[in-house]
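Based on the provided sequences and hints, a complete structural model is requested.
Protein chains: 2
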Amino acid sequence: MSGKLYALSTGPGAADLITVRGARILGNLDVLYAPAGRKGGDSLALSIVREYLGEQTDVRCCHFPMSADSAEKEAVWNEVAAALDAEVQAGKQVGFITLGDAMLFSTWVFLLQRLQHPEHVEIVPGVTSFAAIAARTQTPLAMEQQSLAVLSCTAPESDIRQALQQHDSLVLMKVYGRFARIKTLLHEAGLLNCALMMSEATLPGEQSWRHLCEVSDDQPLPYFSTILVNKQWVRV
Amino acid sequence: MSGKLYALSTGPGAADLITVRGARILGNLDVLYAPAGRKGGDSLALSIVREYLGEQTDVRCCHFPMSADSAEKEAVWNEVAAALDAEVQAGKQVGFITLGDAMLFSTWVFLLQRLQHPEHVEIVPGVTSFAAIAARTQTPLAMEQQSLAVLSCTAPESDIRQALQQHDSLVLMKVYGRFARIKTLLHEAGLLNCALMMSEATLPGEQSWRHLCEVSDDQPLPYFSTILVNKQWVRV
Chain W
1 MSGKLYALST GPGAADLITV RGARILGNLD VLYAPAGRKG GDSLALSIVR EYLGEQTDVR
61 CCHFPMSADS AEKEAVWNEV AAALDAEVQA GKQVGFITLG DAMLFSTWVF LLQRLQHPEH
121 VEIVPGVTSF AAIAARTQTP LAMEQQSLAV LSCTAPESDI RQALQQHDSL VLMKVYGRFA
181 RIKTLLHEAG LLNCALMMSE ATLPGEQSWR HLCEVSDDQP LPYFSTILVN KQWVRV
Chain H
1 MSGKLYALST GPGAADLITV RGARILGNLD VLYAPAGRKG GDSLALSIVR EYLGEQTDVR
61 CCHFPMSADS AEKEAVWNEV AAALDAEVQA GKQVGFITLG DAMLFSTWVF LLQRLQHPEH
121 VEIVPGVTSF AAIAARTQTP LAMEQQSLAV LSCTAPESDI RQALQQHDSL VLMKVYGRFA
181 RIKTLLHEAG LLNCALMMSE ATLPGEQSWR HLCEVSDDQP LPYFSTILVN KQWVRV
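Taken in order, these protein sequences are the chains called W and H. Those letters in the first sequence? Residues 1 to 236, by UniProt numbering. Those letters in the second sequence? Residues 1 to 236, by UniProt numbering.
Careful, some of the hints might be misleading.
[What the hints assert, rightly or not] Below, in silico cross-link-like pairs of lysine-lysine (DSBU-like), each with a Cα-Cα straight-line distance of 30 angstroms or less:
{"no.": "1", "chain 1": "W", "residue 1": "K4", "chain 2": "H", "residue 2": "K92"}
{"no.": "2", "chain 1": "W", "residue 1": "K39", "chain 2": "W", "residue 2": "K92"}
{"no.": "3", "chain 1": "W", "residue 1": "K73", "chain 2": "W", "residue 2": "K4"}
{"no.": "4", "chain 1": "W", "residue 1": "K174", "chain 2": "H", "residue 2": "K4"}
{"no.": "5", "chain 1": "W", "residue 1": "K231", "chain 2": "H", "residue 2": "K174"}
{"no.": "6", "chain 1": "W", "residue 1": "K231", "chain 2": "H", "residue 2": "K39"}
{"no.": "7", "chain 1": "W", "residue 1": "K73", "chain 2": "H", "residue 2": "K231"}
{"no.": "8", "chain 1": "H", "residue 1": "K4", "chain 2": "H", "residue 2": "K92"}
{"no.": "9", "chain 1": "W", "residue 1": "K231", "chain 2": "H", "residue 2": "K92"}
{"no.": "10", "chain 1": "W", "residue 1": "K231", "chain 2": "H", "residue 2": "K73"}
{"no.": "11", "chain 1": "W", "residue 1": "K231", "chain 2": "W", "residue 2": "K92"}
{"no.": "12", "chain 1": "H", "residue 1": "K92", "chain 2": "H", "residue 2": "K174"}
{"no.": "13", "chain 1": "H", "residue 1": "K39", "chain 2": "H", "residue 2": "K4"}
{"no.": "14", "chain 1": "H", "residue 1": "K39", "chain 2": "H", "residue 2": "K73"}
[To be verified] Selected chain H positions facing chain W (in silico; Cβ < 7 angstroms):
{"no.": "15", "residue": "A135"}
{"no.": "16", "residue": "M143"}
{"no.": "17", "residue": "T154"}
{"no.": "18", "residue": "H211"}
{"no.": "19", "residue": "V215"}
Keep in mind the hints are simulated off the structure, nothing from the lab. Computed from a prediction, not measured in an experiment: that's the story for all the values here. Don't be surprised by glycine CBs; every beta carbon is placed ideally from N, CA and C.
And the structure:
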C-alpha cells in the first residue's frame, strides 16, 4: 500500500462533530501528528479525536511557536512538512489533525504549501466553529441574497469597520485580547445589539454572551472566542 | 421521553461527510422530514443519509416551491413548521435534514423562524459545500489576517463587485444560470486566474474547472455549482 497523508479536520470541539469519514480514517492510521499549544503541552485536537484512534497508531505531538519571528515559524513548518513527506515516502498512512476546518485559519495550510507530494494528500473538511456557534445559538449565518464575511480580529481596523458596514452577517474570529476594541467598533456601527459572543463552542467550557453591551471591556475570555453578527435575523 | 426536533446538516454530499452526531441521531428518529426538489420527486438530502436511518423511522418528503410568489412559499413554510411542532408535541423524535450546513442558505431557517417551541430544537451543524471544495482543490479559504466573503450570485451586482475588491478570498454560491455574468465580473476585477469552479462537490457527478477563462459562457452547469476565489494562494 502506498503512503498517504490525511489532513483531518476535527470540527469545533465536541468529539462527535467530526465527520464519519474523519473518524474512520483515524482508526486506520500508522502515525498521527497532533499540534500542541505549548512545547511538551497537551493537544486539544488530540483530546477531541482520541476515542477514534486505532491501537496501532503512533502519536507525535508537534509544537508550532506563536512567535512573531517568522523565520522561527517557517523553520518549524519546513521541519514538520519534511517529516510528513518522509512518512508518506516510507509508505505510511499518516494523519495531521487540525481544529475546525483544515482550510480556514489553520496552520495546516503552511504545511500543505511546503509538501513535496501534494498528490498524496487527502484533506477531510470539517465543521467550522462558526457553524457550531450559529447552531448552538440558533442564529442564521446567511439567507437568500444576504452575504457573510469571516474575518480575524487581527485584521486592520479599517477592514473590520468596512465589513461591518457592508455585510448582513459577520463572523469575527480571534477575539481574545481584542474584545474592548471590537466592542467599540460594533458600538460605532450600531451593531452591539445584533452581536453575540461564544467561547469554546461545543466543548465542556462553552460560554456565551447574548448582550455584549453588558460585557465589561476587561472580561477575561478563553483563547477560542468568536463574535457572530447578524443584522437581519428576526423570529416571525 | 419528551419530543425533540433535530435539524440535521447532511454536509456537502458524500454520505460519510455527515458528522458522527448527525449519523447517530438519524438512527434513533421516529420521523424524518426530507426536502424534495420537485413535488413527488427525489430528495438529494435523503439519498445522502439513507444508510444511517433506523428501520423504525417514517420518512416524509416535503416539497418547497422555488416560486417567486412569496405568499405561496410562506404558506408551505407555515404548514411544514406546524407539522414539525405537532410531531414534537406528540412526544416524537423528529428530524429535518438539510444540505450543507443548516444555518447557511438553507430553507431550514424559514422553518426555525416559525416554530412555536425553539427550546425543543437541536441544530447539528455540518460541513459546508465550500469547505469541501477548498479541501478537494487544496485551496485555502483564509489564513492569518485574510478575510473571506461568502455570497450568493443572486446578490446585487454592485455587492459582488465590491466584495471581489475587498476580500482576499470569496465563495460565490448559486452560480447556476449566472455563470456568464459572474465570469465578466471576475474578468473586470482581474481575478479570473485566481478563481475555480466546482459542481456537486464530493458527489458522484463532481466536476471542476481550474481555468475559468477557458469555460464558455454557455457551459451547461449542474444546479449546485460554486466558484471559489483566492487572491493570495501560492505554493512555496
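So which of those numbered hints doesn't the model satisfy? Numbers 1, 4, 6, 9, 11, 12, 18, 19 - these are the hints that the structure violates, sorted from lowest upward.
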